[in-house]
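**Q** Residues per chain are reported as follows:
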Amino acid sequence: MDFLIFQVPILMVQASLDGILLGILFALIAYGMALQWGVMNIINIAQGDLVILGGYITYFMYLSGIHPALGVIVAPAIMYFVGVGLYKLVINKVVDRDLFISILATFGISILFMQLMNFAFGADVVLANSDFGTTMLFNNSVTLPNSKIFAAVISIIFAIGLVFYMKKSKLGRAIRATAQNARAAKILGVDTEKVYAATFGINAALCGVAGALVAITFTIHPYMGLPYTIRSFMIVIIAGLGNLPGVAVSGMGLGVFEEFADYILGTEFRIGSVFLLLVLILVYRRFKLSRKREYLK
Amino acid sequence: MKNNNIILYAAILIFGVVAPFVLPAFKVQLSILCILIVLALTWNIQGGEMGYNTFGNILFYGLGMYLCASVQVGMFFPLAEWTESGGEKTFVHTPSQFFQGMAFGLLVAAIVPTIVAGLIGYAILGLRGHYFAICTLGLGVAAGEISGGIEIIGAGQGFTTPPFPEVGNLEARGEFFYFLSFIVLILTFVSVKAIYSTRFKLILNAIRDNEDKAEAMGIQTMKYKIIGWMISAFFCGLAGGIMGGLVGYIDSTDVAFDGREMGVFMVLMAILGGKGTLWGPVIGATIFHIFKEGFWTFFLGWQYVALGVLIVVIVIYFPEGIMGWLREKYPERFGEVVDEADRKAQVELK
Chain P
1 MDFLIFQVPI LMVQASLDGI LLGILFALIA YGMALQWGVM NIINIAQGDL
51 VILGGYITYF MYLSGIHPAL GVIVAPAIMY FVGVGLYKLV INKVVDRDLF
101 ISILATFGIS ILFMQLMNFA FGADVVLANS DFGTTMLFNN SVTLPNSKIF
151 AAVISIIFAI GLVFYMKKSK LGRAIRATAQ NARAAKILGV DTEKVYAATF
201 GINAALCGVA GALVAITFTI HPYMGLPYTI RSFMIVIIAG LGNLPGVAVS
251 GMGLGVFEEF ADYILGTEFR IGSVFLLLVL ILVYRRFKLS RKREYLK
Chain V
1 MKNNNIILYA AILIFGVVAP FVLPAFKVQL SILCILIVLA LTWNIQGGEM
51 GYNTFGNILF YGLGMYLCAS VQVGMFFPLA EWTESGGEKT FVHTPSQFFQ
101 GMAFGLLVAA IVPTIVAGLI GYAILGLRGH YFAICTLGLG VAAGEISGGI
151 EIIGAGQGFT TPPFPEVGNL EARGEFFYFL SFIVLILTFV SVKAIYSTRF
201 KLILNAIRDN EDKAEAMGIQ TMKYKIIGWM ISAFFCGLAG GIMGGLVGYI
251 DSTDVAFDGR EMGVFMVLMA ILGGKGTLWG PVIGATIFHI FKEGFWTFFL
301 GWQYVALGVL IVVIVIYFPE GIMGWLREKY PERFGEVVDE ADRKAQVELK
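Residue numbers (the working numbering), protein chains in the order written: chain P, 1 to 297; chain V, 1 to 350.
For the record, the hints were derived by calculation from the structure and aren't laboratory data. Where a beta carbon is used, it is the ideal one built from N, C-alpha and C, also for glycine. There may be inaccurate statements among the hints.
[Said to hold, decoys possible] Straight-line Cα separation of at most 25 Å, SDA-like style, residue types lysine to any residue; simulated pairs: (1) P:Lys292 - V:Lys292; (2) V:Lys213 - P:Phe119; (3) P:Lys88 - P:Gln115.
[Said to hold, decoys possible] Computed footprint of chain V on chain P; a stretch qualifies when at least three of its residues, placed anywhere within it, have a C-beta under 8 Å from a C-beta of chain V: (4) 108–117; (5) 221–234; (6) 261–270; (7) 278–285.
Extracted from the complex, chain V is given alone in its bound form (with noise of 0.2 Å):
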């Protein structure tokens, strides 16, 4: 078992290396799925594995979205007029300071984000259930709208990110982007896999099954689900910056805070794959991510039909999704002691 894992893990990050040299015409592809897998792996520390199914993880995507590209920018230009020009290329970055200005606006999108996760986590993380599935909801719409009011950023007309640099002849845009958010999803899949092989992720498992009896064995709950969402946070930031950079514009409710989109999508990826497991989200979301393209080519302009179709469906017959239906067609995998003799009872009785 233990080396096959090995085996495994190997397999993934070989593909990782080689897929954007052997199938180059995926290589734009392939970096929104390695963010869609990051998404879907961190909503599922509060949908999954702590119980608080969240649509409010866009904030902290959008907001590392605009913090990135505003870094970026306000480091070596005054960013109102930037954003007045609308993308002109009346301010051009040299190769260095792309680099630098994208280094530095990564480390700002994910440590604000973690922040504000922090502060707001603190005041609404005690709301439960279905109060704090719509109070996320709620943020996260609220932040779009206001994010589209503001005049520094772009307001309604969108803010477009400084465009990747000529390095010689080379054209390494899609190469550096997929490779960057190949970088994250490794790091976040590490993290998540080392997070859930400790006493945390136990103290979280409690707060989902009963909160009040976790609490009573004197866990600080609140604790507890303010760093798992600060962990989320700090991921979605980087995601999103990384995805304003890879998609070159940001919009406020259509790129950024996109509620309708990103924030149902990692909640839906998680679901589809299974919830409150390591591979379920990393399953859901490479799925997922076939299934939409597929739509989105064959379907153009129906897409919408589709994702709404797909998620009455995936909702209402697969709640538990692909690992969830693995793990009771094959519960020897997954570590379970099934006694043979009482299964055959079982199957008998039926």
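The shape of chain P in the complex, shown without the other chains (with noise of 0.2 Å):
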């Protein structure tokens, strides 16, 4: 336990700048999680295997001299791929089955994407630098990296690009229906296999913008996946599916818990603590709905 934090109040100013920047980026993850949740009724435990994996793509174009910012469109563009051929290979067998089944199976895949990556690029901690610089606040003590204002901003500008395309294009409008109803959309001419696929696609996709922001902004290391998965997992349970602002909300407010709980309890606990959060609120919302006679759905 250490209490500087409260005898030098302007740390609580940096660390809730850092962690409303850092939640920016978790609202991304978490918003491709709750898209292929709410389209295809799948819990994806690779989830954040497929952010580490985005940002091994960056890493590798700043390792061969291409400046890191501009992973944000490559590493997207491959993980689509990544993304449409799990589906091909794995995930449409699980699509229709029992959820124990699909956390299973992204669970298998998530240990082989571990592996794989462990394997092909070096178990070392590692960062594309992006030298961007840094902002001073306040007379110099509060510190923003610009990487950290870069990747909130970029974050900021894929989501609502998401948002606009899946309201306006027909592909969007598609994943809609079929998230609404899949056998009606089915009935009414949607091609549901290929939007389960683009939905899987699109999905990777996000996981590999913010891939690319992490590789920037922190560091990546094949075995950090897991975490990602649960704070997405524990942002789509407290803001609902498809709740968009709530996502966005939920995403800062943990990204701002984990920045207090790393000067409170020290870094070593904030991943367990982090983990320790999901549990606190799963059971927070049993007790609640069990009141009624209910139980999460």
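Dock chain one against chain two, each of which comes alone in its own frame, and use the hints as you go.
**A** Next comes the structure, spelled out in structure tokens:
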């Protein structure tokens, strides 16, 4: 326990700003998860590993001399096809089955990805340095790396872009129709198989963007995927499916919580506190609902 | 049929007793197999019979492991200095100290996780389906991360369990742990078999098939769910305690709360053998262990890739498991009455 943050109040501003910028990034990943959960009724444990894979694509661009900021365009383009491939190979066999089957199957994919990335890229913690510099606020007492601001702005742009795409485009309408009622959509001539593949691809592409941003602002490591999955799951269950402003707000809330936990409990308990928070939120909701003899659906 | 069963049990029992002397090279593997079967059997109480697919039994396993080792050390020596020395031979257990410590340790390792399961169960067994699965997954990982930050049980550098004492010139470590785990296996199997022949099992099945209806029938589902989880936790804690002594070294995320390996293994073994059957987890665990050891030896370094593929293949293509497949093929053997004419008609229809 360390209460420095209460003795030096300016650290709270620092933690809050860091948390909000981080949370916007989480919200982007959670958006992808909400999308495929809502449309395909699948919980993808490999979500975080897709993020890390996107990060490695950016890292390799950085190594070969291309500015890593371009990763936010290249990584989603590659990841879209990874997502579609994954759908064709595995996910299409678990779409209409028990949810636990999809959890286990994607857990298997997650382990597979983790290890393949470990072989391909090594077990070192790496980052793609963007050389964006830092911004100083409040008499130099709060420092914000510009890369974090960049990450937040790009996340918002992609999220808004996707919202418009879902509203206006033909595929977007097909996706929304399938989410509402897959059978009816099929009858009305929507090729749901294609819609599912595209949805999973879009989800993977969003993970790719987020991964590129993670590689620029933080660090990536083959085994760091699962916390991102848990974070996005948590954000989705707090906000509810299809509640975009809710996803954004709860994402930021989670980011701020994490930064404060980091300052107060210490960095070694950071991930642990995220997982504990998930359990606490679920338990809280369960007791609240059980008063009305209901349960989380 | 009855006679056949007795012969089968006798054969397994004799094999179990003789095995470490006939196959001395596989003593450790056989002990691990016993532990794996225990874990699969107890997972099946939740996942198979009750329909609550948990990733959280690893919590009790890891808890039992840490508790057993801590008690075994803490009864005779200062725990903090032991972990700090990292297993240096400054403190040595005499044989009587070792066995006393182990006995008390296993007792604590069985009882405390049971209580913990009761408390946690009250909180989270009200969740259903995938919310329960993810919540337990979170619990397991959180336990690993948090125990990795606690200094007195070794934090990141791990915890060395007391080495087996030398009794005279006998090197009996392998036999000791083998028989310990074999006894726990028999204990678990007998208890689970006994449970499965009572009303309790029917209640668990009712919860699995339709919890709301079970509740409407006047069954206090929460009570039975908690009891079911506590039974699992009891045996998981015991298994963890033995495994800690067998491995000789406890690390928070790689050995004790190893959600990525043991936590998934127990689910996988039960599914491979067949959920919701008595023998399924036993068969599944045995086959899985043989497969795994093969992979681990021949594909060294690629084992997680193999594991990932294995999970996907088992889950997608064999969700009913071996017992489920057998049941479909030979329904008569499972006591299902099949009308011969009806069956022929069905075959012709195809």
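**Q** All hints are to be evaluated individually against the structure, with a verdict given for each.
**A** So, going through the hints one by one against the coordinates:
For the suggested pair P:Lys292 and V:Lys292, the alpha carbons sit about 47 Å apart, so the restraint of at most 25 Å is broken. With a C-alpha separation of about 50 Å, the suggested pair V:Lys213 and P:Phe119 falls outside the 25 Å cut-off, and the hint is violated. Proximity of P:Lys88 to P:Gln115 is assessed by CA-CA distance (about 21 Å); at most 25 Å being required, the pair is judged to hold. Under the rule that three or more residues need a Cβ within less than 8 Å of chain V, the assignment of the region 108–117 of chain P holds, with 9 such residues.
A stretch counts as covered by a chain when three or more of its residues have a beta carbon under 8 Å from one of that chain; for the region 221–234 of chain P and chain V the count is 3, and the coverage holds. Under the rule that three or more residues need a Cβ within less than 8 Å of chain V, the assignment of the region 261–270 of chain P holds, with 3 such residues. Closer than 8 Å: that is the beta-carbon criterion, and the region 278–285 of chain P has 4 residues meeting it against chain V, so the requirement of 3 holds.
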